[in-house]
Amino acid sequence: MNQLVNNWMYGEISPKLGGRLDLEMNTQGCEILKDFRNMLQGGITRRPPLKHVAQTVRGRTIPFTLSSGESFLVELSNKKLRVWRKGVLGFYTVTFLPSGNDYLPTDYLEADVWSIQYAQYYDRLYLVHKDYQPHVVVYAAEAFQFSPFTAETDAGKQLGKSTGYYPSVVGICQNRLWFSAAILKPYTTWVSRPPYDGSNNHHDFTTFDVIEVNTEVIKDPSTWPKTTNEQGDEMIDFSDSSKFVETVKEIEEVINAKCAMEIELASGRNDTIKWVAGMDNIFIGTEANEWMCPFDIDPTKQSASMLSSYGSLPIQPQTLHDGIFFLQRGNRLREMTRSQNGSISNDLSFTADHILFAGIRQLATLKNPDPMIFCLLNDGTLAVLCYDKNYGMQGWSRWSTQGEFMCLAPYEDEDGQKMFAHVRRGNDYSIEYFDFEETEFFEDRHGEALHGNLAYQSLMVGNRFDFNTDAGPTIGKSKKTKEVWVRCLDSGRLKAGVDEEYMQQTAGPVGSEDYRIYVSGGSRKELRTRIESVGSDPLTLLAMTYNVEVN
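Here the sequence shown is numbered in UniProt numbering, starting from 1 and rising by one per residue.
Please note: incorrect hints may appear among the correct ones.
Calculated pairs, EDC-like style, for lysine to aspartate or glutamate (alpha carbon to alpha carbon, straight line, at most 16 Å) [stated by the list, open to error]: (1) Lys367 <-> Asp413; (2) Lys130 <-> Glu110; (3) Lys367 <-> Asp296; (4) Lys157 <-> Asp204; (5) Lys258 <-> Asp296; (6) Lys482 <-> Glu549; (7) Lys130 <-> Asp112; (8) Lys86 <-> Glu142; (9) Lys480 <-> Glu501; (10) Lys79 <-> Glu31; (11) Lys161 <-> Asp131; (12) Lys86 <-> Asp415; (13) Lys367 <-> Glu414; (14) Lys86 <-> Glu70.
To be clear, the hints were calculated from the coordinates, so they are not data collected in a lab. As the structure is a computational prediction, the values presented were derived from the model and not from experiment.
Hey, can you work out the whole structure from these sequences and the hints?
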């Protein structure tokens, strides 16, 4: 039977689907997809190599983008904050005056920078952590400032002012700053007033306005003016009406649409807030549930409704296209999006529920060249999902390097987006980026003197050769294949075969031709196609076909 595989839209799929021969994902997925990248057109290509940017220290990088022409990377390490920016000769750290240092001092310990949540509003970047006062990075007049963020609150409120009241969650939604989950207020969200008077500052968290009301009232009759008539009798003097009234000043508290809000979710259990994110509406993820506040929420019409009860990990979600991607407890990646029936949450790790088993440290997204969600795992590797509902793409793959990925930060410039990575190699730390434009040398840090020319092998192992025939399913039957044809695009050498011990390497570059590889070996009950890259050669696989004889 001649088998054709011409797309890998599902990428690496769960071994639990090994018996579902009726599902298209069995033929459009594979058993292993390592250091390959799924393409929207259906094929797979080698993951982009890493290019060196600069040596650095152990820490975390956070994107700070004002526009495609003004993008920065904020690096947090042990009690230091540095800012990386791109110049004519490459990336460099900003020098701060008057000290002349390339860093600003902070209180953040290195162990705590991984738990910081951040939110950007134009020229300012808000940073929160449950054990530290909120801070803000402001970029103005070609200079950076880093200072504590002090909220203006109602009398007696302690938001952000003392231990136990420091928020651990932050978001920018509907032009307001949202703080949540202080140690002593884990279920509470504080929402600022919108900025006003041309300012980008969200410091005002007062929930009402104080106004002075002047009211005219009639004086006590005993104080009314008196006069006497011609007969000498005393009578009230009505000649001046103003003497009968007095103005009383009263102070009133007024709530209007521009006031701040304090919202407490009534879930009926200890349900700590883990994240806040906005799209068309405002979504709040808690330890046990997911909530929604309407896009036009204000103090005159506050509401919050529970959408689902999956429960979230304390990792900031990311947006891509029309979805919010968050991590469910139990290491599941979910997308919050809209449908005809309202907001829904889809499990995107269903097809590859094993791939996030190591646990997730961070989420990051990239819009181009293809839409991708990066999951940084606790073991220092990446699980990458190429995802686009419009084209039916939901392809998982694994990426690794000779070292450990510490954190990720998308960076935007005039050419689009790049994914930067903080990488540890031995005792050295560096900032690197995935070069999606490279077409020739597929090795990390090509040409670098330190940690240079690091090889990585791209590997695709197909699912077992099993399918339904007129004689029934082939599960448990002996099978044999003699040749494999591959169709590639602008590719170098490759190795292909059936199972690891029966591999054949091409004599030279394949280019964009159809190439036949003869396969040796006898019949076996389990056969898997295996495609490997060779050296630093490029490899883009568009399709493969093989003829299977079933005994």
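Evaluation of the provided hints:
no., hint, result
1, Lys367 <-> Asp413, "holds (13 Å)"
2, Lys130 <-> Glu110, "holds (15 Å)"
3, Lys367 <-> Asp296, "violated (28 Å)"
4, Lys157 <-> Asp204, "holds (12 Å)"
5, Lys258 <-> Asp296, "holds (11 Å)"
6, Lys482 <-> Glu549, "holds (9 Å)"
7, Lys130 <-> Asp112, "holds (10 Å)"
8, Lys86 <-> Glu142, "holds (14 Å)"
9, Lys480 <-> Glu501, "holds (14 Å)"
10, Lys79 <-> Glu31, "violated (44 Å)"
11, Lys161 <-> Asp131, "holds (11 Å)"
12, Lys86 <-> Asp415, "holds (13 Å)"
13, Lys367 <-> Glu414, "holds (14 Å)"
14, Lys86 <-> Glu70, "holds (9 Å)"
Hint check: violations occur at hints 3, 10; the rest are consistent with the structure.
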